[in-house]
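Engineer: Here's the letter readout for the chains.
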Amino acid sequence: MICYLNFEFMRQVYLDNAATTAVDREVFEAMRPYFLKNFGNASEVHGWGQEARTAVEGAREKVAEALGAEAKEIIFTSCATESINLAHKGVVEAVLQQGETRDVRRKTKRPHIVTTAIEHKAVLETCRHLEEAGMAEVTYLPVDQYGLVSVGAVEKAIRPETVLVSVMYVNNEVGTVEPIAEIGRMLKKTKGIFFHTDATQAMQYLDCDVDKLGVDLLSFTGHKFYAPKGVGGLYVRTGAPLVRQMDGGGQEGGLRAGTENVPYIVALAKALELSSKFKVQSSKVMNLRDELIAGVLKIPGAKLTGHSVKRAPHIASFTIDGVEGEAVLLMLADRGIAAASGSACTSGALRASHVLLAMGVPAEVAHGSLRLSLGKETTEEEIEYVLKELPPIVKRLRQMAPRL
Amino acid sequence: MVFNFLVLSKDNMDLAYSKKVMEHFRHPRNMGEIKNPDGVAKVGNRVCGDIMKMYLQIDGEVIKDVKFQTLGCGAAIATSSVTTELVKGKTVGEAEKLTNEEVARVLGGLPIAKKHCSLLAVEALHQAIEDYRRKKK
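Those protein sequences? They're chains E and W, same order as listed.
Going by my numbering, the residue at position 14 of the first sequence is 4; the numbering climbs one at a time, nothing skipped.
So the mapping is simple: my numbering equals the position in the second sequence, first residue as 1, plus 7.
Keep in mind that a hint or two might mislead.
Unchecked claim - Below, a list of computed lysine-lysine pairs in the DSS-like style, where the Cα atoms sit at most 25 angstroms apart:
no.	chain 1	residue 1	chain 2	residue 2
1	W	Lys27	E	Lys385
2	W	Lys143	W	Lys74
3	W	Lys42	E	Lys385
4	W	Lys74	W	Lys49
5	W	Lys104	E	Lys385
6	E	Lys385	W	Lys143
Unchecked claim - Negatives, chain W to chain E, calculated, CB over 10 angstroms:
no.	residue
7	Asn43
8	Val54
9	Asp57
10	Lys71
11	Gln76
12	Thr77
13	Lys97
14	Thr98
15	Gly100
16	Glu101
17	Glu130
18	His133
19	Asp138
20	Tyr139
21	Arg140
22	Lys143
Derived from the structure by calculation, the hints contain no laboratory data.
Even for Gly, the Cβ is constructed at its ideal location relative to N, Cα and C.
Work the whole structure out from these sequences, hints included.
Structural biologist: Shown next, in the form of structure tokens:
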């Protein structure tokens, strides 16, 4: 019961915004009428349907504007994972279908994908699926100690049969910002290679103009920038080949069947509209992040993971020697603080984070990983509270551990 | 209620710990070190995640005192704690019969992904008893 009381009065500090964000009040209000009043199916010709259609197409315009794209290049999906599946499987399948009409090398060899070892599972597992199905060959590029992939390495990995390059914009575990625009420029010199980026962690704070990035496909999800969970999108440049993965009706330009989730699509567009306003003030989040990083690094045995400068404004990530990540999370939770870890015990897979391992972090160190991710509501006081609470937690857990 | 909320908020039902696990994690029993133990063992390794050290003080085949040190997750700490509680005051023969299933049961169950953690505490206990027997010879 004591804990009950504690909970009621305990300070609540949410530093897991890279996992998901709350729905913004304005976003919630924008989507509300589409549940109760304007509930129509956007495929129908009557008034209800046309109202829904107008809302969906208005949302599409807004999303396109935020990405510097055309409305017809935006496909609404249920999440970034779906967008990523559609992008990778859709391009490979389209190329295989076109094989006969394209050049001979593509006909005789399996399509080849170049990606990185630090992608989200959505990309890695989709690539493995394509490999196992015998539909593609995949190169997983290594990264340096900061989690950066080199443009030169991407260029070297390209083969005549390469059809897709897929590199994430911001790594979700360590916050490293990958050189997407540079890779995009390099790929401009090539022909027949499509460039996909998983922009899930980038939408809120970084420039996602598809022409500046030079990408042909871009995946994202709403719940990282104050839209609800369950809605995402895929940008597909006009001319990029894509075979739909969800068969059925002719929704989303025939590229993603299924009745449009009208309220969530409206919410997604509204959230994106608000986030482009917020991008201007991302320096506030960045300053708080730097304060947090400086404070955590005062703990002996704490190290920053990821790049110190090429880093998303909202992600602070560390390894802390001599503690296990999940134990840290549980103790932080007891103090009302939400954080994340890539330790084996938090993954359920009994394996340390593939991202940290790819960056050359030893497994025994990777178990002590901690990610604190800020949001637009994060305050200075909250950062100070975390910096006050974390050091004694580390100290206590180290006291519990045997000497190594 | 609160326990569940805090742990469930990790977005993964598989990681939900019982109240008993959280209670042992928050207030571990018999944590620490015994100087000149009659039996001691260190199990696990840092690469796989958890390391556990168990110390026994034995008098006339009875476990008079037992302490543990653990570097590991919530389940690893809780299973270490409850294992020491279960064997303190028991004879070596009784302690030897302790199984992983019993540890998990006393804790009100462990999430499936965490079952392996209960193996480690009992393994540490068994090895510490073996160490005691070796030294006695």
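Engineer: Next, verify each hint and record whether it holds.
Structural biologist: Status of each hint after checking the structure:
1. W:Lys27 - E:Lys385: holds (24 angstroms)
2. W:Lys143 - W:Lys74: Status holds; Cα separation ~20 angstroms.
3. W:Lys42 - E:Lys385: This hinted pair holds, its Cα atoms lying about 22 angstroms apart.
4. W:Lys74 - W:Lys49: Roughly 12 angstroms separates the two Cα atoms, so the pair holds.
5. W:Lys104 - E:Lys385: Roughly 35 angstroms separates the two Cα atoms, so the pair is violated.
6. E:Lys385 - W:Lys143: The given pair, whose Cα atoms are some 37 angstroms apart, is violated under the 25 angstroms limit.
7. Asn43: Given a closest Cβ separation of 16 angstroms, the condition holds.
8. Val54: Val54 of chain W is in fact no farther than 10 angstroms from some Cβ atom of chain E, at 5 angstroms.
9. Asp57: violated (7 angstroms)
10. Lys71: For Lys71 of chain W, whose nearest Cβ neighbour in chain E is about 21 angstroms away, the distance exceeds 10 angstroms, so it holds.
11. Gln76: violated (4 angstroms)
12. Thr77: violated (6 angstroms)
13. Lys97: The assertion about Lys97 of chain W holds, with a minimum of 23 angstroms to chain E.
14. Thr98: holds (26 angstroms)
15. Gly100: holds (27 angstroms)
16. Glu101: holds (25 angstroms)
17. Glu130: holds (15 angstroms)
18. His133: At roughly 17 angstroms from the nearest Cβ of chain E, His133 of chain W sits farther out than 10 angstroms, so the non-interface label holds.
19. Asp138: holds (15 angstroms)
20. Tyr139: Given that every Cβ of chain E is farther than 10 angstroms from that of Tyr139 of chain W, nearest at about 18 angstroms, it holds.
21. Arg140: Answer for Arg140 of chain W: holds, closest chain E Cβ roughly 22 angstroms.
22. Lys143: The assertion about Lys143 of chain W holds, with a minimum of 24 angstroms to chain E.
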